[in-house]
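Visitor: Model the placement of chain X on the given structure of chain C, informed by the hints.
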Amino acid sequence: MAEKGKMSIDHLGGVVRLREEHEKVVKDCESRIQHWEKISGDYEALNERLHTLPDQLSYDIMVPFGPLAFMPGKLVHTNEVTALLGDNWFARCSAKQAQKLVAHRMKYVKKELDELSLTVKNFESRVSFAKDWETMSARKGEYVDIREDMGHPDDPVAKAKHRVAHKPNSMPKVDAVLDLREPGGEQGGEGEGEGGDKCVMTEEELWARLDELEKLEALQDEQDRLSDNADMNGEDTSSLSSEEEKEGDQARPADDPILKPSWASGPESKTLVSASRQEQQEEEDDDDNEEEEGSSLPTIYFSHTVEPKKVRINTGKNTMLKFSERKEQKEHSKKKKKNGHANGHAHAHHDFHKITTPADIYRLFVDVKNGEPFPRKSILKSRSRENSVCSDTSESSAADFEERRAFGRGFSHDDGATTHSDTSDGVTEEDSPTAVPLHPASRFEAFSGTVVEKDPMPTTVPHLTIAPPALPTILERRQEEVAPDAAPPPQQAPKRVSKFKAARMQQK
Amino acid sequence: MAEAIQKKMKAELDKYTQMQKDVSKSMSARQKLETQVTENNIVKEELDLLDSTNTVYKLIGPVLVKQDLDEAKATVTKRLEYINGEIQRYETLLKDMEKKSEQHREVLSSLQQEFQKAQGMAVGKA
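Listed in order, the protein sequences are those of chains C and X.
Sequence positions in the first sequence follow the working numbering and run 78 to 585.
Sequence positions in the second sequence follow the working numbering and run 812 to 937.
Just so you know, nobody snuck in bad clues.
Listed below are several chain C residues computed to face chain X (Cβ distance under 7 Å; list not exhaustive): (1) Asp164; (2) Trp166; (3) Phe167; (4) Arg169.
Derived Cβ-Cβ restraints for the label pairs, each shown as a range: (5) Lys198/C with Pro873/X: 42 to 52 Å; (6) Lys877/X with Glu121/C: 27 to 37 Å; (7) Glu225/C with Lys819/X: 45 to 55 Å.
Here are a few chain C residues that sit away from chain X, every Cβ distance over 10 Å (derived from the structure): (8) Lys101; (9) Asp105; (10) Glu125; (11) Pro131; (12) Asp137; (13) Met139; (14) Leu190; (15) Asp191; (16) Lys292; (17) Pro435; (18) Val574.
Don't read these hints as lab results, they were simulated from the structure.
Beta carbons are placed, not taken as given, at the ideal position from N, Cα and C, and that holds for glycine.
Just chain C, same shape as in the assembly (with noise of 0.2 Å):
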């Protein structure tokens, strides 16, 4: 207020000086009318005794005769006049020329009498606005001027303080992601409680929530070992693991904003998954890459019991390629055993970024889930895939149908051209054309709504945005995965049944 009051005060006294220099140059311009009044008014007089002169030949007059002396005596020539020019200029002639030239004079005078009234007019407005400013910041007149605080800068902004964009303690990113799966209402208590939790759940909590996770992947991943080395038909068990891998994977989606996205990742912890096959030792490290990986993308496993491990893949339009996950692993964990344990990883590394055809490119860069790898979406055409062992199967209907089937295509190449042996370059020298480390596309078949029911292995879901439409094959296997994953691990190891015949059942 007092600043105000200032800024007034210094407004004031610049609005009365600014007052003053208008009435000072208002006053100059009468003065000057005044003085252009006064000659217009001789000139008017001389203009009258011109005209009268010439009337007699001779007047009777008083002549001065010095500062103090009149003698008496006659004007003559009455019509002769020697009229002043200007500067020193003098002409004579006759009482009516004189009376032109004073016309003339006279206009000339009227015309700076008319310049100086409208200068006058301007500067009595302005003055009379000066007056009114003067006024209103000395808050004495009518007017006042308004004048709105624009507050503190110290204070926040009224919008920004009532809104809060995330409450406090809260995980944005998570809140969506459990708010998407509660819709779906199959996560059942362990989802909820997580919904529910994480909204206070501090960062801490939610780290030692990534650990379970972590440990439930641990545990899947053995049993999907066990399961893959063990039964090749054991969809079962891998459905079961899958399941768990879902929930791990739909759990761990929360820390997204913690983990890094899956990609960068991706190389890396592919080999490192593929040296881990046979040893347990990497296993954390797997699970953690695969954790981190998978954290990324929610996944969503499918596990069917027709084919052992052979992943059907929309490479491209109705065409599909199979994929045989098992022998995927053979070639891993040969060419780890070839490198030898120690360098397995490395080599391996290496190996895998040996990039020389477009396709290794896709080979390379995979998501893995749960051990496997798992495609992007490559723009490798799909016309390399002719030679592939591929068959027709359902539409593509959601987009990560087709990075499906657009990774499809990038293995495609490797599978059917003869390139296949260049693609794996001290990858897998025993390469079988089938051998394509893809993911069956056909989990998308479900999130379309038909099911396919070759899907042998456990795959991920790439996005998130498959799971909101909720189709009822997904609620179905979602709450088929709820009810293992509120039961502990141990319970898992029974019996796994596939989620699409259970579906089915539920159905029947």
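Guide: Here is chain X on its own, set in the frame of chain C:
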């Protein structure tokens, strides 16, 4: 230190005032010329009004000297041109003077600041 600055300031101030005077002189001269211009314009116009029948005189000192109308006209025209030229010259002169005075002003202000600093220091020392 302060004294030296003070001396400098005085010298600078004198220069500045001198400059200001010159500027004002030029200004007044220019104004005179302006009036002369207007006057001569009027004379020219009035001479145009007159015809050759009436004689024109020029006042030289206390003597009125007869002048031919045309000559008078020519003379007035020439004078007019001369005056305009003078005005131009004075204008340029005025500009230069303004610039110089500006420079002097700046120097003066800087000197003033130094002086104040020195004074402040002197006060501090004392």
